[in-house]
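Q: Using the sequences plus the hints, can you model the full thing?
Chains A and B supply the protein sequences, listed in that same order. Anchor point for the first sequence: position 44 equals 1389 in the numbering used here, and the numbering is continuous, going up by one each time. Anchor point for the second sequence: position 22 equals 1367 in the numbering used here, and the numbering is continuous, going up by one each time.
No wet-lab data here; the hints were simulated from the structure. In this text, all values refer to a predicted model and were calculated from it rather than measured experimentally. Heads up, the beta-carbon is just placed ideally off N, CA and C, and yes, glycines get one too. Keep in mind that the hints are not guaranteed to be accurate.
[Said to hold, decoys possible] Chain B is faced by these chain A residues, among others (derived, beta-carbon under 7 Å):
| no. | residue |
| --- | --- |
| 1 | Met1346 |
| 2 | Asp1348 |
| 3 | Gly1404 |
| 4 | Gln1411 |
| 5 | Asn1429 |
| 6 | Val1471 |
| 7 | Gly1586 |
| 8 | Leu1666 |
| 9 | Arg1669 |
| 10 | Leu1724 |
| 11 | Gly1726 |
Protein chains: 2
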Amino acid sequence: MRDVFVAGAFMTRFGRHFDRGLGSLAREAAEGALRDAGASPEAVEFVAFGNAAAGILTGQEMIRAQTALAGSGLEGAPMINVENACASASSAFHLAFNAVRSGQHDVALAVGAEKMNVDDRNLANVALARAVDVEELVADQGDSVLTEGAGPLFMEIYAGFARDYMGMSGATRHDLAAAAAKNRFHGSLNPNAQFRQAVSAEEVLASRMIVDPLTLFMCSPISDGAAALVLGTREAAQKAGGPLVRVRASAVRTGRKQGPDDAVPRAAAKAYEAGGIGPEDIDVIELHDAAIPAEFIVLEELGVAADGEAAGLLHDGATRLGGRVPVNPSGGLLSRGHPIGATGTGQLVELADQLRGRAGKRQVEGARIALAENAGGILGGGSAVAVVTLLERMHAS
Amino acid sequence: MRDVFVAGAFMTRFGRHFDRGLGSLAREAAEGALRDAGASPEAVEFVAFGNAAAGILTGQEMIRAQTALAGSGLEGAPMINVENACASASSAFHLAFNAVRSGQHDVALAVGAEKMNVDDRNLANVALARAVDVEELVADQGDSVLTEGAGPLFMEIYAGFARDYMGMSGATRHDLAAAAAKNRFHGSLNPNAQFRQAVSAEEVLASRMIVDPLTLFMCSPISDGAAALVLGTREAAQKAGGPLVRVRASAVRTGRKQGPDDAVPRAAAKAYEAGGIGPEDIDVIELHDAAIPAEFIVLEELGVAADGEAAGLLHDGATRLGGRVPVNPSGGLLSRGHPIGATGTGQLVELADQLRGRAGKRQVEGARIALAENAGGILGGGSAVAVVTLLERMHAS
Chain A
1346 MRDVFVAGAF
1356 MTRFGRHFDR
1366 GLGSLAREAA
1376 EGALRDAGAS
1386 PEAVEFVAFG
1396 NAAAGILTGQ
1406 EMIRAQTALA
1416 GSGLEGAPMI
1426 NVENACASAS
1436 SAFHLAFNAV
1446 RSGQHDVALA
1456 VGAEKMNVDD
1466 RNLANVALAR
1476 AVDVEELVAD
1486 QGDSVLTEGA
1496 GPLFMEIYAG
1506 FARDYMGMSG
1516 ATRHDLAAAA
1526 AKNRFHGSLN
1536 PNAQFRQAVS
1546 AEEVLASRMI
1556 VDPLTLFMCS
1566 PISDGAAALV
1576 LGTREAAQKA
1586 GGPLVRVRAS
1596 AVRTGRKQGP
1606 DDAVPRAAAK
1616 AYEAGGIGPE
1626 DIDVIELHDA
1636 AIPAEFIVLE
1646 ELGVAADGEA
1656 AGLLHDGATR
1666 LGGRVPVNPS
1676 GGLLSRGHPI
1686 GATGTGQLVE
1696 LADQLRGRAG
1706 KRQVEGARIA
1716 LAENAGGILG
1726 GGSAVAVVTL
1736 LERMHAS
Chain B
1346 MRDVFVAGAF
1356 MTRFGRHFDR
1366 GLGSLAREAA
1376 EGALRDAGAS
1386 PEAVEFVAFG
1396 NAAAGILTGQ
1406 EMIRAQTALA
1416 GSGLEGAPMI
1426 NVENACASAS
1436 SAFHLAFNAV
1446 RSGQHDVALA
1456 VGAEKMNVDD
1466 RNLANVALAR
1476 AVDVEELVAD
1486 QGDSVLTEGA
1496 GPLFMEIYAG
1506 FARDYMGMSG
1516 ATRHDLAAAA
1526 AKNRFHGSLN
1536 PNAQFRQAVS
1546 AEEVLASRMI
1556 VDPLTLFMCS
1566 PISDGAAALV
1576 LGTREAAQKA
1586 GGPLVRVRAS
1596 AVRTGRKQGP
1606 DDAVPRAAAK
1616 AYEAGGIGPE
1626 DIDVIELHDA
1636 AIPAEFIVLE
1646 ELGVAADGEA
1656 AGLLHDGATR
1666 LGGRVPVNPS
1676 GGLLSRGHPI
1686 GATGTGQLVE
1696 LADQLRGRAG
1706 KRQVEGARIA
1716 LAENAGGILG
1726 GGSAVAVVTL
1736 LERMHAS
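A: In structure tokens, the structure reads:
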């Protein structure tokens, strides 16, 4: 085994790209990451391509990477299509990491791409209903879920999480709104974010109710976008110039159920063990706030906040830019957007930029160790998949 | 990097399993492979799950492994969902191989599973139309291909290959029929095959015309099934007992176009280079005869037959059981069946059994080096994906 480094990173702006297809977004991200790495497409020896919803949204199954990346100059490389619901892109990153770490390949590319805004505005809901056990869902709601979707299914699930969390911790609606407002403020500083307007906690509370207690501004939007990273050996990364960022650990776990057996705490435990560090060592976090209660719940699952104490960290300013451990400096899924199969690499591009001092107005000063948490699907009441990745800026040598 | 061995291998019978779902098939294969390896599900550290068509055929996208393998005891492991059209399962095998080779994991499981026979008999065609560039197909044939399919699309493509090959090589319809009859004979000896009745070349020619010059018995059927392999370190494989089978190489390539740039010759060249051997060293082959011309074309792309000479090998008896290099001793896709996302691991289970001397009446005596060729999808007139794997029986040590 050898160390693996980020040689290049790039993302498209996340948002509504009505005039662009999956391939256009994926190629922009892949080409941007290669340009950042100073590498030609021909240098890429392995491509892992994360996408979750194109099967439903565009009809393309089976050879998503090969069609999306046609004409990119990458056609010579092995391409692997990876699906893991909203954790597809970080799963692809995991495979690219393994490919370099194993010594099999010197340069690997992880791409996450998703195109969700299509003419039929309900089709994104139809796709999202495939991120749970479909057989169970059909048994419960009938065959129509396959063609009509199940409404705001994930927001109903997250609303349940929010109610449970509020009951357990004493957190209030205003606490949820304040966390959302914090992420909206971060997003206002991010040129790649879908939403770039800061809002107050009061405005979050006053926005349209989606599923009680979640209002519109507490829920991630329907987004299009792509994000890619070039991984390589130390030599490949040094060639690219700039501060060296090492992949300290990548851990994927499948869910068993809610609670300590949930995929998120289990993936975090594995990443901490593999990385030889603990939650106290993390300087900056991107986490999977598909809806706002996740920010509190995941901070506790990661061990960054004690049980029931995550809202306290927010009110102390610890999780805000300038605080001890800024959370979602990109704006998170809530403000940066959530093109589901691209979100994982979107988080990692943000963190690579943070560690390389390229995050502009949202820069976390002096950040050395970064954690990304990306979750996908629901099974047995918990996340079906979770991926926790640790990145580390190396000292100049 | 370290050597990787097959610790266990198992497949369901391929065929029409009208009363069983994807999960039932996948779990039977996974449990069988674990039993063969003498390993518990808890020992598995990584699962790569190949499936191509469940998104269309069952509605389940995104978390296919997690739903199919729920209740198997494997829920603790990382699961990665892999799609690569008809090469999905060998792509999953490639990832499991990498996971062990890298030292990241000591025991990995590759599963391929597909359930194609469903109440709506046309749905398999609807799914297969997703293994080409869907945007191009829709532009050509209209939106209805997304719901109605494009008829025997792949058999039309293979019929074109057959006509081109016959024109180039001078091979005749009777040559094609003789190759199909050879594989039907092999399949008659395989208890896991979908079709177990030998037929003559004359019967192949007399069967119903699908797309000229391909008759029914020259085309692979619609199948259900699953096949799994446990990969591990030398220690893990020794624990299982029996002859040791090493994975000598695994190469994945994406297609550029037909001819020497096609994915199959490029994957073969890479596998030979990584394995340090050539086509003359191969003792037994499983190749992707989705329709019969592929047997001739691929033997030439692999360098086992000279250009235009593959039919000669057949008539010499070289590719028949008992010959110099038996091809498709399992019966191939034609007789064993072609559950598309399971075919790649189906080939590898057959070859592992051949190398371990467990192939019963279809045993290739003394086989030491085996090659599997698995191809998927069509892009630019050639295979979108090809995977070539080399397995090797180790001398007792």
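Q: Which of the numbered hints are not met once you compare them with the structure shown?
A: 2, 6, 7, 8, 9 and 11
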